[in-house]
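Order-wise, the sequence lines are chains W and G.
For the first sequence, the working numbering begins at 1 and goes up steadily by one.
For the second sequence, the working numbering begins at 1 and goes up steadily by one.
Heads up, some of the hints might be wrong.
[To be verified] Only some residues are given here: those of chain G computed to face chain W with a beta carbon under 10 Å:
id : residue
1  : M87
2  : L124
3  : E134
4  : P265
Hints were generated in silico from the structure; no laboratory data involved.
Computed from a predicted structure; not experimentally measured.
Note that the Cβ used here is the ideal one computed from N, Cα and C, for glycine as well.
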Amino acid sequence: MSTEAAPAAAPQGAAPSLTGVFVRLKLSLLRNGLRRSTGRALAYVGSVVVGLLFAAAAVLGLIALRGTAHAGALVVLLTGILALGWAALPLFFPTGDETLDPTRLVMLPLRPRPLIGSLLVASLVGIGPFVTLALVTGSVIAVAHGAAAAAVGVVAVVLVTLVCVSLARAVATASVRLLTSRRGRDLAVLSGLFIAIGAQGVNIAAQKLGRPDGLSVLEPVGTVLRWVPPASAVGAVEDAGHGAYGRALAGLALTAVALVLLLWWWQRTLTTLMTAPDSSTLQAVEKDSARGAAAGERGLARLLPDGRTGTVALRTLRYAWRDPKSKMAWATALGVGLLVPVVSAAQGNGSIYTSFSASALLGAQMYNQFGQDTSAFWMVASTIATPRDAYEELRARALALASVAVPFVTLVVLGSAAVIGPWSDFLEVYGLSLAVLGALLATGALSSALFPYSIPSEGNKNVAPGQGAIAWFSLFGGVAVGAVLCAPLLGLTIWLHVAGLHHLLWVLLPVGAVYGAGVAELGLRVAAPRVAGRLPEILTAVSKG
Amino acid sequence: MANEPEDIERRDESAPPPHSAAASAGGPAAAAREDAFAGPPAVRVQGLWKRFGDQIAVNGIDLTLPAGRFIGLVGPNGAGKTTTLSMVTGLLRPDSGLVEIGGHDVWRDPVSVKSRIGVLPEGLRLFERLSGRELLGYMGRLRGLPGGEVDKRAGQLLDVLDLSGARNKLVVDYSTGMRKKIGLAAALLHNPEVLFLDEPFEGVDPVSAQTIRGVLERYTASGATVIFSSHVMELVESLCDWVAVIAAGRIRADGPLAEVRGTAPSLQDAFLELVGARGRGAGADLDWLGGGGAR
């Protein structure tokens, strides 16, 4: 339809009619999409109702905040979060709006400038922009005191909504090649992690803000954010209310400049995208030559020992970075290991013992080592002929893990001692953490040999269907055995405490470190002959699904 | 190991000139016997069985494959080719049976066997998040070769297999043909005596196929053994001097190409006869098909 409409309209001035075409296109696509299935229509109506209810509740809440002490900081923060959400949206839901997929417009004779205007207007049609508009309006009402503030507020609402929408479009256009490539699919695997960590952040924030006078913690954030567009426009409304017209004007101007820059960036990337050939293959080659030339890799490789140990450790570390599943597992372990002490400290009931989460989660990475290889395990299997080979393979993987885990655990325990305290418990907790890490490396190696299971390469699942029991059994069984393995050390700790020998608690650091290393070594030695003897069985198990 | 001088000499003596069907046609049985006496066969399989649930995938295979030959394992889809090759190379444990490679038991003496064989399996992945060069470096070092030697051989293999331009590209971004070639390079890196290739030409473009073919011909000309599975008879006929036909988990025929082909005009015809698919044409039942009367 637009192929006919656009050239016909071009001589009279393309911009107005083109906008109409895009808005109608968006509405027809929406209507046709809903016509295809009742379920989809119901879901859409449901989301509209929920969106409207949420918007109404939020607006009422914001209006109720009017006049409270920290309302200014809160609405500035809210605007900032809103803009962040719009920027992140296209990365997680790349196929959200097909009218805005620039690759579909490539064959049409369209000029960039009118096209941007039309696309921007078309993007304003929808629930998302409506909810945004409602929230920004509510925010402005919450802080607008006086006629001047109201006038600034009207401009601010329009500017903020436009910045949010064009931000999403510009990000989507800039990353469209990425999102349709293999790298984009890799990124999608990681999206769950961002949401999980984001949820923890929201959890902490809600707890903080829920306390009496909790809103006051927002003040420092608000002071910075009110100079960051588009929140600066909302900050301007409050300034106008106080009679600080210079500040108000500066705030509005910042957001307006941001809007112009965003539109310029969007137009530039859109033009490049629509005129340059799809060069994903060329790009890949260019990036690869860069990878080959990168000196860091050689440097890293030089640090590692020769032979199987260095080779396997290097491969494991490369996979931790390059393979989305491994990256997800590593990032989860590192992120959650750090979050547990941070969250408990933020909630005020922290204990230095929460830093055990770091060694527990990183130690758990040793589980199902060969499942992480997928069916590429045959390459490992075809080079393992003796239990000695299997031992070196397992030891190299444990070393790669420890090369990250030991410094990380050290940092987390140090940080917990510094922030939560007391320092007197530091050596004891550090020693026990190392022992826990060693015990989990040992049981992880053994369970990798005895209970391997396959990890599907696509999607967010970490266990192929029908293998959940093996995964849970090996993990929980292994952790239980790991706890038993740490029992002597725990016994020693308790005895030192009970006997009042607090001046000897430092002993737990060297004992814990040596015990951890020893138990890990023992675990690898017990696991190695089992790996060597079960190679075909492990390969079959990890190739399923 | 594989490049000890006397070893190569022996193999050169016993190996027939590559692709001289006439030479082996002259006295196939005699040539086979000669191979058998020259040294241990490349592969000896006795009473090999594998069952998956109710289905018998490999139903008692006895097979002796001479060293220094280009050997084709042919059979229809689902005949048990991949299962057999997996068991012979130690990647799948048989329910029962004996497998020897170069006189060494695959399951009792893995040290001797694993250093002597190269494998390119079908349907199993590679470490795809490594670049081609890194993958070869990884495999070579796991095989215990010195780092410098690995890098030298990897560079030469990448050149010969026309992968130099993509050596720093991740294998996950490779095409099917490039994957087969990098898999072949990984299998050849340690100069094995016996090379097992499962469907090496499946999904491979003609240019890559020709490259693979050239490398394999050069490799067998030096006296090494290639055993590859395929269901493309023309390919097997043009490449191999020894053939084993497998169907429904059993060996139907094996021996020099000319002997297996017998009086049939082509290996394809001989094969159809052996697997009992002869005359099962698409004739009688579809008599309405074609002829222009569209109804």
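Going through the numbered hints above, which ones does this structure break? Give me the numbers in ascending order. The structure conflicts with hint 4 only, although it agrees with all the remaining ones.
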